[in-house]
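**Student:** Here are the chains, one letter per residue:
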Amino acid sequence: MWRHESPGEGPAGGIDGKTNGAGRRQDAVTHSPDLPEAVRDQAPMLEIRGLRHQYEGRTVLSVPSWDVLRGEASLVLGPSGSGKSTLLNAIAGLATPTEGTIRVAGEAMTGIAPAARDALRASRIGLVLQTLHLIGVVTVRENLRIAQRLAGLPPDDARIDEVLANLGIANLAGAKARQLSVGEAQRVAIARAVVNRPPLILADEPTSALDDANCEKALALLLDQAQATGATLVVATHDNRIRERFAKRLEL
Amino acid sequence: MTLRLAFAYLASRPLATILHVLMLALGVATLAFLLLFTSQAEERLARDAKPVDLVVGAKGSPLQLILSSVFHVDIPTGNIGLEESKAISRHPMVASATPVALGDSYRGHRIVGTDASFLGLYDAKVAAGRPFKEEMEVVVGSEVARRHQLAPGAKIVGSHGLAQTGPGHDEDPFEVVGVLAPTGTVIDRLVLTPVESVWHVHEHHGDAPAKTVPEAPGKKHKHDHDDDEPAKAPPAGPAPGAVPPGMPPALMAASQGGRLEITALLVKYRTPLAAAMLPRLVNSSTSMQAASPAYESARLLDMVGVGVQTLQWFAAIMMASAALSVFVALTSALQERRYDLALLRTLGARPLRLASLTLAEGVTLLVSGVILGLALGHGAAHALGLWLAQSGSWPLAGLAWAPGETILVAAVFAGGFATCLVPAVQAYLSDPASLLAKR
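So the sequence lines, in the order shown, correspond to chains A and B. Okay, so the first sequence: first residue is -16 according to my numbering, each after it adds one. Okay, so the second sequence: first residue is 408 according to my numbering, each after it adds one.
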């Protein structure tokens, strides 16, 4: 049901197989008491063991074991209905798998209270959704501020300006999100995912709806931002165009 | 963040937001206005009627008797003989009996022929000048003085009836000798003079026998006063005989010489037992009738209350419709932005925050509607109060707070909050993963 491909061992296997040694940021992260800090730092960013999810009695996802190391960029590849989004939802704590464990940065995402899951997601994970959904009635800046506040961080306009500038959309800070083009909304969605410097970024079908040129641009932005913040990146897609950009892949 | 986002959602559909707030506000405004009006009317009637336990006057409608002789807003039922009224004044259960002789007015303010005890009924104090002593001297209420810039020494001319345009008694001017301090009662809008003044004015205008008929609205005044004087003036000179308790000496003296009439007698009981006995005595054994201001006021409020209740029901239905529209608005808004809510969940928002966001939106509509409604209701009452004050009627205070308004606001918030809870719970229970998966 699944196949794990990795060209190298250890922390290697970053973007295009290159090691991403940039930063191991622990900003805005609360550490679980169950593992010593030194051990947590050595642990993979994402550990999945014996994961199985059933829907109406049918197994829709099965991942016996999968690790993603810190700073790696990984691809979850599979056709529609193969369970990619379910896997990302389970990693993000938005869905509870039927069986198995998931650890993010050494902390359990499964078997914990919903409130703890929400807190862990807000502080550790940046999400880029398939539909690039933004809150249309407020400005781009306010969209990013909301992400900061929900992560328990104080509003930091300097950081917002920095991220928007990195993505080349500094001029859009005051624009209402509903007025943006698809390409602009894509950049804002990436900005929102990285603004809190999360150690793990999950992206669900970020390129599927884009033409080749825009697909390339969006992927480049995502990889660049992950690298710039030292984040681990997991991209779920059925888009074979980007397959070769990731040395580490999980095929469902 | 929750409030800012709620405001942003409301601002994103301004027309719908304004309409929901307006619907709610109109219901609240109507109810607030009715509460202000009825509570102040009740208070005013009670205050004006309180000093008088019983009114004795000519047979007819008891309510009309009270309206004319206590509230001074209607024509009298007729006149009563002074001699006959004296028997009531002398009754041992009567503490005081104040005569009132009506017929004329000054620019819409009734001129009341009475005696000094009338001031005592309303605890009225003379703010400038002195109380009246002689015929053709008047003391004016504070509202009359304010509206017409009257001060001691001024001369005023009465006109017949209550209408401001009635025929005048130019040859019999009154002299203002005093101005009363404000009391917040009907006396503020009256012109008071000795009963003898009324007799004098009407004697001067005709020599017909004392056959009296009350003033009638719109009736053309025949200035010979052959049929509408309240009383005929007596021959001059003191009358022999003892003065009965409660009856002013001047009136008594006047009554000795001929057939004199007054409009009504305002009675205060000496004992509570009188309330059960005296009205029956008057109604069964005299040609006069007795009417209780308290009872007739209550009856009047009951009659008016039917209309007020209808309006209150109408306003309540309006508010219920508004609450329903807010509910529909929140539910449909929830449906429209379910992806926004799912997104907020993916960003780490707890379900309670989503419920709070929906609730904040509804409560913002509620608070805005209630505040606007109260402002509109009080504003309308204030404007009407200003207009009524201009026309000399009793003032309606728009800046007051009716006791029922607290209950109104609490009820609107409780009902509105309950209405908002349903979509808030829906938001709380929404599943972000399944929503995002469906998209």
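No lab work stands behind these hints, which were simulated from the structure alone. Note that CB positions come from ideal geometry on N, CA and C, so glycine has one too. Hints may contain errors.
[Stated by the list, open to error] Listing some non-contacts, in silico: residues in chain B with all C-beta distances to chain A over 12 Å:
{"#": "1", "residue": "SER419"}
{"#": "2", "residue": "GLU490"}
{"#": "3", "residue": "ARG497"}
{"#": "4", "residue": "ALA749"}
{"#": "5", "residue": "LEU750"}
{"#": "6", "residue": "ARG752"}
{"#": "7", "residue": "THR753"}
{"#": "8", "residue": "ILE778"}
{"#": "9", "residue": "ALA817"}
{"#": "10", "residue": "SER841"}
[As the list claims (entries may be wrong)] Examples of chain B residues lying across from chain A (beta carbon under 7 Å, computed):
{"#": "11", "residue": "ALA413"}
{"#": "12", "residue": "TYR416"}
{"#": "13", "residue": "ALA453"}
{"#": "14", "residue": "TYR746"}
{"#": "15", "residue": "ASP747"}
{"#": "16", "residue": "LEU754"}
{"#": "17", "residue": "GLY755"}
{"#": "18", "residue": "ALA756"}
{"#": "19", "residue": "ARG757"}
{"#": "20", "residue": "LEU836"}
{"#": "21", "residue": "ALA840"}
**Student:** Run every hint past the structure and note whether it holds.
**Tutor:** Hint by hint, here is what the structure shows:
At roughly 4 Å from the closest C-beta of chain A, the C-beta of SER419(B) falls inside 12 Å, breaking its exclusion from the interface. With a least beta-carbon separation of about 85 Å from chain A, GLU490(B) lies farther than 12 Å from that chain, consistent with its non-interface assignment. For ARG497(B), the non-interface assignment is confirmed: its Cβ lies about 83 Å from the closest Cβ of chain A, beyond the 12 Å cut-off. Annotated as non-interface, ALA749(B) brings its C-beta within 12 Å of a C-beta of chain A; the closest such distance is 8 Å.
The beta carbon of LEU750(B) sits about 5 Å from the closest Cβ of chain A, which is not more than 12 Å, so the claim that it is off the interface is violated. Chain A draws ARG752(B) into its interface by the beta-carbon criterion, the shortest separation being 7 Å against a cut-off of 12 Å. The claim that THR753(B) is not at the interface with chain A is violated, since a C-beta of that chain comes within 12 Å of its own (minimum 5 Å). Its beta-carbon lying about 23 Å from the closest one in chain A, ILE778(B) satisfies the requirement of being farther than 12 Å from that chain.
Once the 12 Å rule is applied to beta carbons, ALA817(B) is consistent with being away from chain A; the minimum gap is 32 Å. Some Cβ of chain A comes within 12 Å of the Cβ of SER841(B); the nearest lies about 8 Å off, and the non-interface call is violated. For ALA413(B), the suggested interface contact is broken, since its CB lies about 10 Å from the closest CB of chain A, more than 7 Å. Interface restraint check for TYR416(B): the shortest CB-CB distance to chain A comes to about 6 Å, inside 7 Å, so the restraint holds.
A cut of 7 Å between beta carbons decides the hint on ALA453(B): the least distance to chain A is about 53 Å, and the hint is violated. Interface hint at TYR746(B): satisfied, since its Cβ lies 6 Å from the closest Cβ of chain A, which is below the 7 Å cut-off. Residue-level restraint check for ASP747(B) holds (minimum Cβ-Cβ distance to chain A is 5 Å; threshold 7 Å). Of the supplied interface hints, the one on LEU754(B) holds, with its beta-carbon coming within about 5 Å of a beta-carbon of chain A, less than 7 Å.
With a least beta-carbon distance of about 2 Å to chain A, the hint placing GLY755(B) at the interface is held under the 7 Å criterion. Of the supplied interface hints, the one on ALA756(B) holds, with its beta-carbon coming within about 5 Å of a beta-carbon of chain A, less than 7 Å. Checking ARG757(B) against chain A: minimum C-beta separation of about 6 Å stays under 7 Å; hint holds. Using the Cβ-Cβ criterion of 7 Å, the hint placing LEU836(B) at the interface with chain A is not satisfied: the shortest such distance is roughly 12 Å.
Hint on ALA840(B) holds. Least Cβ distance to chain A is approximately 4 Å, under the 7 Å limit.
Hint compliance for this structure: hints 1, 4, 5, 6, 7, 10, 11, 13, 20 are not met, and every other hint is.
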